[in-house]
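Here the protein sequences come in this chain order: A and B. Position 21 (the first sequence) corresponds to 21 in the working numbering; numbering is contiguous. Position 34 (the second sequence) corresponds to 34 in the working numbering; numbering is contiguous.
What the hints contain is simulated information worked out from the structure, not anything from laboratory work. Only a predicted model underlies this, so the values are computations on that prediction, with no experimental measurement involved. Where a beta carbon is used, it is the ideal one built from N, C-alpha and C, also for glycine. Incorrect hints may have been included.
[Claimed, not checked] So, partial list: chain B residues that the calculated Cβ filter (under 8 Å) puts toward chain A:
| # | residue |
| --- | --- |
| 1 | 37 |
| 2 | 106 |
| 3 | 150 |
| 4 | 210 |
The lines below spell out each chain.
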Amino acid sequence: MRKILVLIIKLYQNWISPAFAPRCKYHPSCSKYATDAITEYGLKGLGMSVWRLLRCNPWSYGGVDYVLSKNTNQPIKSGVK
Amino acid sequence: MEIGFLKPLYFVVSWVIVNFHSALGLFLGENSHESIKWSLSIISLVIVIRIILIPLFVKQIKSQRALTALQPQMKEIQKKYKDDRQKQSEEMMKLYKEHKTNPLASCLPILAQAPIFFALFTVLNGIARNIPHGPLKGDLLLSAQQAKFFGANLSSTFLSSDTTTQTKFVTVLLIIFMSATTFTTQRQLMVKGMPKMDASNNMMLQQQKIMLYVFPLIFAVSGVNFPVGVLIYWSTTNLWTFGQQFYVIKRNPTPGSPAYEELAKKRALKDKENGVLPEVTEETGTTQIDPEIKQRQQPSKKKKKKK
Numbered sequence: 001m002r003k004i005l006v007l008i009i010k011l012y013q014n015w016i017s018p019a020f021a022p023r024c025k026y027h028p029s030c031s032k033y034a035t036d037a038i039t040e041y042g043l044k045g046l047g048m049s050v051w052r053l054l055r056c057n058p059w060s061y062g063g064v065d066y067v068l069s070k071n072t073n074q075p076i077k078s079g080v081k
Numbered sequence: 001m002e003i004g005f006l007k008p009l010y011f012v013v014s015w016v017i018v019n020f021h022s023a024l025g026l027f028l029g030e031n032s033h034e035s036i037k038w039s040l041s042i043i044s045l046v047i048v049i050r051i052i053l054i055p056l057f058v059k060q061i062k063s064q065r066a067l068t069a070l071q072p073q074m075k076e077i078q079k080k081y082k083d084d085r086q087k088q089s090e091e092m093m094k095l096y097k098e099h100k101t102n103p104l105a106s107c108l109p110i111l112a113q114a115p116i117f118f119a120l121f122t123v124l125n126g127i128a129r130n131i132p133h134g135p136l137k138g139d140l141l142l143s144a145q146q147a148k149f150f151g152a153n154l155s156s157t158f159l160s161s162d163t164t165t166q167t168k169f170v171t172v173l174l175i176i177f178m179s180a181t182t183f184t185t186q187r188q189l190m191v192k193g194m195p196k197m198d199a200s201n202n203m204m205l206q207q208q209k210i211m212l213y214v215f216p217l218i219f220a221v222s223g224v225n226f227p228v229g230v231l232i233y234w235s236t237t238n239l240w241t242f243g244q245q246f247y248v249i250k251r252n253p254t255p256g257s258p259a260y261e262e263l264a265k266k267r268a269l270k271d272k273e274n275g276v277l278p279e280v281t282e283e284t285g286t287t288q289i290d291p292e293i294k295q296r297q298q299p300s301k302k303k304k305k306k307k
């Protein structure tokens with residue numbers, strides 16, 4: 001299940017998102033955040049991703065917002081995107 | 001397809017369409033063609049939604065203006081983390097947050113339209129299958145069933161069995177139109193509307209290549225499954241996006257973007273003609289638009305009126 005969700009987001013990142021100008025107010029972007037959150041937390045991660053997507057709105061100032069690792073409580077800084 | 005919690009939205013969408021339909025009847029006269037009225041009702045629905053969404057864009061433009069003051073810091077970040085794009089964007093987002101401004105659009109304005117889009121989809125499907133929604137029932141439903149857009153049935157899709165060649169033709173034209181408008185909008189934003197990043201031209205070229213086949217593909221795959229009415233909605237909203245962005249880039253460009261520098265040059269030239277000495281900054285070699293803009297609360301109204 002996690003893998004399928006992550007695969008869908010990866011497809012979006014590789015094929016759809018590059019066609020549009022960057023628009024995310026956060027670093028990492030919402031899609032990167034979602035793959036990290038889902039890999040780390042599963043279904044709860046999906047909820048976190050939806051919440052992140054809602055927080056990324058015209059009234060927000062964005063900022064740096066990593067998913068925290070379950071074990072170490074450190075930000076997950078993997079991958080490039 | 002019916003989803004419970006979207007029911008109120010089905011009602012609103014059909015209510016808006018029906019009311020525009022009767023208003024257009026008054027406006028265009030009694031003999032006006034039903035097809036024209038129904039098509040224009042869908043277009044009017046788009047216009048209403050986009051007008052409601054305008055404050056979101058105004059918000060974005062305002063925060064883009066505030067960027068002028070951050071230019072030196074932004075340049076420094078770009079220089080400092082030239083080879084580390086991740087660090088570069090991390091620092092950039094930090095800077096925006098610190099100064100409580102963020103020029104990026106976020107996804108919400110698009111996501112907010114999704115339920116409306118879906119509701120329209122359901123209402124139009126309802127017309128094709130004789131399912132009433134809200135005030136769209138009885139004679140109105142029958143009339144809407146007959147409505148055509150350039151000869152294509154509003155409620156039929158490319159793939160449905162009873163589709164005429166004319167409907168297929170119009171669908172293909174609309175798919176081409178949607179791809180073209182989205183492509184031009186995104187291209188314009190990337191080439192002129194964004195602050196220059198250190199991303200190489202190479203990346204831009206690659207993006208454009210992806211754009212060239214991604215948009216037609218997205219619109220073709222979804223377009224053949226959507227009723228013509230939904231495609232009209234989509235085309236209109238794309239056209240609106242293009243127009244809105246065109247206006248913003250021309251009149252209110254993001255500081256640091258190529259469009260901003262163009263405008264600054266143009267205004268400097270005008271000032272010269274009027275005998276005002278332009279203020280040239282050493283670093284960039286371009287002319288400041290107006291020192292007032294640096295203070296974010298005070299947009300230069302004087303200059304705006306000048307045209």
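Could you work out which earlier hints the structure fails to respect and list their numbers in ascending sequence?
-> Of the numbered hints given earlier, those the structure breaks are 1, 3, listed in rising order.
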